[in-house]
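One-letter residues, chain by chain:
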Amino acid sequence: MSEKGEVDLTGAKQNTGVWLVKVPKYLSQQWAKASGRGEVGKLRIGKNQGKAEVEFTLNEDLTMIDGLGDKPSGVQAPRDHPFTMQTVGGQTLAVFTETQSESSKDRISLEGLVVQRAECRPAASENYMKLKRLQIEELSKPVRLSQQLEKAVTTNYKPVANHSYNLEYDRKKKDEGKRARADKQQVLDMLFSAFEKHQYYNIKDLVDVTKQPVSYLKEILRDIGIYNVKGTHKNTWELKPEYRHYQGGEEEKETDD
Amino acid sequence: MASLGGSSSSSTEYIVRVPKNTSKKYSIMAFNSGDKVNCSSWTQARMERDMSNRRMYGVEETEEGAAGSEFGKKQREEARRKKFGIVTREFKVEDQPWILKVNGKAGKRFKGTKKGGVTENASYYIFTQCPDGAFEAFPVNGWYNFVPQAKHRTLTAEEAEEEWGRRNKVVNHFSIMLQRRLREQERGPDDDDEEGEKGGKKKKKKGGRGGDLRIHDLEDDLELSSDESDSSGGEDGDSKPKKKGGDVKGKGKKKKKKRGSDSEANEDSDDGDFEGLEVDYMSDESSSEEEAGEEKAKSNKEAVPKGIDEASESEEESEEEKQNEEEGKEEEEEEEGKKTPVQTKKKRDSSGESDTSEDSDIDGEAASALFMVKRTPPKRGGGRGSGGSSRTGSRPGTPSIDSASTSNTLRAAASKLEQGKRHVVGGSSESPAAKRLKMESSSMAVTTQSPAPSGKSTPQPPSGKSTPSSSDVQLTEEAVRRYLIRKPMTTKDLLKKFQTKRTGLSSEQTVNVLAQILKRLNPERKNVNDKMHFYLTE
Chain A
2 MSEKGEVDLT
12 GAKQNTGVWL
22 VKVPKYLSQQ
32 WAKASGRGEV
42 GKLRIGKNQG
52 KAEVEFTLNE
62 DLTMIDGLGD
72 KPSGVQAPRD
82 HPFTMQTVGG
92 QTLAVFTETQ
102 SESSKDRISL
112 EGLVVQRAEC
122 RPAASENYMK
132 LKRLQIEELS
142 KPVRLSQQLE
152 KAVTTNYKPV
162 ANHSYNLEYD
172 RKKKDEGKRA
182 RADKQQVLDM
192 LFSAFEKHQY
202 YNIKDLVDVT
212 KQPVSYLKEI
222 LRDIGIYNVK
232 GTHKNTWELK
242 PEYRHYQGGE
252 EEKETDD
Chain B
90 MASLGGSSSS
100 STEYIVRVPK
110 NTSKKYSIMA
120 FNSGDKVNCS
130 SWTQARMERD
140 MSNRRMYGVE
150 ETEEGAAGSE
160 FGKKQREEAR
170 RKKFGIVTRE
180 FKVEDQPWIL
190 KVNGKAGKRF
200 KGTKKGGVTE
210 NASYYIFTQC
220 PDGAFEAFPV
230 NGWYNFVPQA
240 KHRTLTAEEA
250 EEEWGRRNKV
260 VNHFSIMLQR
270 RLREQERGPD
280 DDDEEGEKGG
290 KKKKKKGGRG
300 GDLRIHDLED
310 DLELSSDESD
320 SSGGEDGDSK
330 PKKKGGDVKG
340 KGKKKKKKRG
350 SDSEANEDSD
360 DGDFEGLEVD
370 YMSDESSSEE
380 EAGEEKAKSN
390 KEAVPKGIDE
400 ASESEEESEE
410 EKQNEEEGKE
420 EEEEEEGKKT
430 PVQTKKKRDS
440 SGESDTSEDS
450 DIDGEAASAL
460 FMVKRTPPKR
470 GGGRGSGGSS
480 RTGSRPGTPS
490 IDSASTSNTL
500 RAAASKLEQG
510 KRHVVGGSSE
520 SPAAKRLKME
530 SSSMAVTTQS
540 PAPSGKSTPQ
550 PPSGKSTPSS
560 SDVQLTEEAV
570 RRYLIRKPMT
580 TKDLLKKFQT
590 KRTGLSSEQT
600 VNVLAQILKR
610 LNPERKNVND
620 KMHFYLTE
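Residue numbers (our numbering), protein chains in the order written: chain A, 2 to 258; chain B, 90 to 627.
Since the hints were made in silico from the structure, they are not lab data.
Covered stretches of chain A (in silico footprint by chain B; criterion: 3 or more residues with CB under 8 Å from a CB of chain B, positions within the stretch not fixed):
| no. | stretch |
| --- | --- |
| 1 | 13-26 |
| 2 | 32-41 |
| 3 | 88-98 |
No more than 27 Å apart at the CA atoms, straight line, and that leaves these computed lysine-lysine pairs for BS3-like:
| no. | chain 1 | residue 1 | chain 2 | residue 2 |
| --- | --- | --- | --- | --- |
| 4 | B | K163 | A | K198 |
| 5 | B | K204 | A | K106 |
| 6 | A | K106 | B | K113 |
| 7 | B | K181 | A | K106 |
| 8 | B | K114 | A | K14 |
| 9 | B | K125 | A | K23 |
| 10 | A | K14 | B | K125 |
| 11 | A | K212 | A | K241 |
| 12 | B | K113 | B | K190 |
| 13 | B | K197 | A | K106 |
| 14 | A | K106 | B | K114 |
| 15 | A | K159 | B | K171 |
| 16 | A | K106 | B | K203 |
| 17 | A | K106 | B | K200 |
| 18 | A | K14 | B | K190 |
| 19 | B | K109 | A | K26 |
| 20 | A | K219 | B | K162 |
| 21 | A | K205 | B | K171 |
| 22 | A | K14 | B | K197 |
| 23 | B | K162 | A | K241 |
| 24 | A | K106 | B | K194 |
| 25 | B | K109 | A | K34 |
| 26 | B | K163 | A | K212 |
| 27 | B | K113 | A | K26 |
| 28 | B | K203 | A | K23 |
| 29 | A | K23 | B | K200 |
| 30 | B | K204 | A | K23 |
| 31 | B | K585 | B | K615 |
| 32 | A | K198 | B | K162 |
| 33 | A | K14 | B | K113 |
| 34 | A | K159 | B | K172 |
Nothing here was measured: the structure is a model prediction, and the numbers come from that model. Built from N, CA and C at the ideal position, the CB exists for glycine as well.
Isolated chain B (complex conformation):
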């Protein structure tokens, strides 16, 4: 070792030796500085290879010989693997990770994984100074990165997903692991010891969380007075400690079973929840009656929000229903194929169901495209009875007012409805009222296409014929005779000729009248195209 003097530098020389034939293989054990590993504090350490990956590389041995084995299975498997080009890497012991246990069972555990590519382009050497002052350089064989292994319980992937979904609700995060531990306790008593141990450890560490009655750690955080509330809060998973009083132990157990999720806030329904809901159109009259009562209740409850219009409707039922009637009437009377507005209106009608049903009644008479089904009187009476009373009370004066104005079709229709209802209720004044309605309607028949009066509730007046309507076509014997002379017609054709709108009669009435006429005329029958045609020869 020569020392050279320099002006302001001093240096010493050392001989570097690279010993050969050492049986020692040097490796680097790298720890993250954040882990604060102090090797000198280790009293005892054990390290061995982690052989858990052996079965991945080695073939999983099925039972050799006798039961379960096949003749020549190994060769066949190998041939198969070759055919598919599956190359299984060998299991090299030197490449396996290390497991380092420091200070026995209670100490830390580390897993050291080999870092690749260390010796590819450059070699690392360890320079140690020997007692004689020379340096000895040893090549580094491998580099292992050691990471500490967690001993505390961690959530599995599924559990983590669950908790992630509840992250906005759960305030008490300690209970998450607690619950998991308790669940495991329930599942297996075998695990209990381990769990209990860990639980015990936790107890000691954190002042007794988990379990039935323990002094809770959150006591300080939440500033609670009673211990019981703390523990219950911990168990619950909800930081609502004040709500529980005594008997936490019993409750606590049950709550643990519930996982505490039940007591947590349920998600309020968001805006988009009701979007896809479909509401039936009350076009089917037979069903609409039964739903009449329901719908009323529904509309009261506002169970399903149907938009602003409908919402505002259901608020003030009676008035809205009136409007429904009118608007409903409008649709029906128009009878065009304006589906969309009709449909929206129908929707609205559903809230004021009984009215719709009655509107449909009248429509049925008109045999419009929208409402097809005819009603039988008793059914209707029932439906009306439920709704009529309430409404009649609310609007006593309107019909008379409406009848006065002939221009407003809707009002007229509404008034008719009112009258119709009153018929049911009153009963005695039916016929004259019916007649009156018919007069009104007939007077309006010119300007409007109002449906026939609600004479359906009343027994069919024979005056169907006697009330001459100033319509273009009258259902008279003369008219029928004329048609039948001209050419043979089916009953259907005849009915078409005497359209109810123009004769001012209900379809039933028309049918009856026509039948009577035909009986009287007794026309001859002829079968054309499998249809019965009537004709007269003069």
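Chain A with its partners taken away, still in its complex shape:
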């Protein structure tokens, strides 16, 4: 497993410098709509009297904002976004990537270090204000809505018993019939195989498994098993120790009649 977990340190060695830019949500949404090679805009870096100025201009075709339900809302995203440059002061930021290829080999590689932090701000414009208003409207809508009904609701009534369910139940019972006492040996076989799977059983579960009447089953259980009153497995039956044979692998235990 030396592959997994190995960090590719090429980026760190080369001291690749990257920028960490905080981008508003709407802008990242627009970028997601980019087509082709993914061109989203232009970044202009200038030096104005010694100060670096960075500005991002959004591509024209990406300015259409989608309202609710992916329909055009008529609001346009602002195009100009100056960057606010900040220093990477109290933290050393490194960038690493996880590559998940189809062969499920996760490769982690260090891409580089952050040399500059920036915030992408929209230039205050009419468009931006409209956009913001739209956003606020959307957010301020309540999640729950009260609606007035014209007619009273008549479609729910409470049945005493579920009719279909009832019929089904009756049918099932008729099919099963009363539980008949099967041969004792057979019952014992069933019990042993059940106890092979699990150590503790509730009496009801055993009745289900063996399909025997309760009293008969209890008699048999009293022979071969013990009833746990206290402890974690309360009110459960388990086999007597001499009949038990629990190991890593299951083995059939011979019963003595």
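Keeping the supplied structure of chain A fixed, place chain B upon it in accordance with the hints.
Below, chain B alone, put in the same frame as chain A:
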């Protein structure tokens, strides 16, 4: 890339691309700048998810199948959880922290925890410059704050609490971790390798601390000449290095076992320590005798500080005891229910115990409320013998002086005590002295309520009757006859009539005398209310 010229500005344009369909997921690895992490110095690094929290979210699997399992347990557990509304959060691998190991086993370790809320309101993008000059922006998937993990040993919470309590005493802080390490060594040889390794590391790092004989780091700090003292000081947890000389090795081992706490200063008793202590009042005479000797010793030692008065008392025993007597007498004589002053005084009396006992003796005669128990002569003699000799020596002259002044009741009582003691010691002069005392006491009986003389030590003088006291009531046959004619009385009533204070007799004497009188009178008996009443008909 168009470059625009400006008057004093120049700018270059770059195309920004946001690549799609990348299989790479970008994340930020944040280090605190104080940790001085230099990524380029890493030769090798390994990073993987920390899966230690898996069992918290996933169900702890009990043994499946066969032994220990129940039929339908899973369903039942789930139903139960639903019923109680317990919602267990899923274990998401992407949210688990990272463990980063740099430069192999000997290098640093970091734990990176995911920072929440990064992608909620704004997205972070990583802008990298491509070879063609364009920028590529990748969205950041997650932000992880990486903190270095301590490799050195740290104290657990309990140990930290302990050490906090000792912080004012422990000067040598290096030994704290040392002790802990040594303790672990003792506990498990399995840990030894790790410990030893670490210990070894420490050795190398810090010049050999810990263990039996090592050159101690504090050598420079403490400016000690000998290495042995250093190591012992280190082991001890006390920076008293000079006290140990040779054979540190053997001692050192033992001391380690002791944890060095024993040799540290024990806390002096603070002021408030003795506040709740309760001291018995020596009201029970039978016990006070045995305690007499003890108390003397105690008062000598000043084992329990009892306030300024008592402290000053115990300093100068003999004199104080004298005062005790007097004051004790005062209480007894007053016989009022002034509990508090009495009690405080009693406390004081306890330091001069023997005196109190004797005071109680006399009180017993008076049958006061405060002291009830009567003493038998031999017992008292013993008690007195222990204390009397010392005191009689100290104050030979006082009784005579006291007897002279009748106004001072206390003095009289004190003098009586002295006399009483002298009786025990002397023995021969008992009767006349006793008589003398009785004379004195009888003379004072008018003005004071002094208890009867300590004639108890002497055999009951038949002169109990013959010494006429100028009291109002005399225990005579005539008086008894008068009472019994008037109305039937029980013996108790009769006794009440002839109160010892007024007849000047001890209660025993009274009883005896009364018995004799009754024998002579031979009154008739009648049972009224289940009590035997005597009466006479004239």
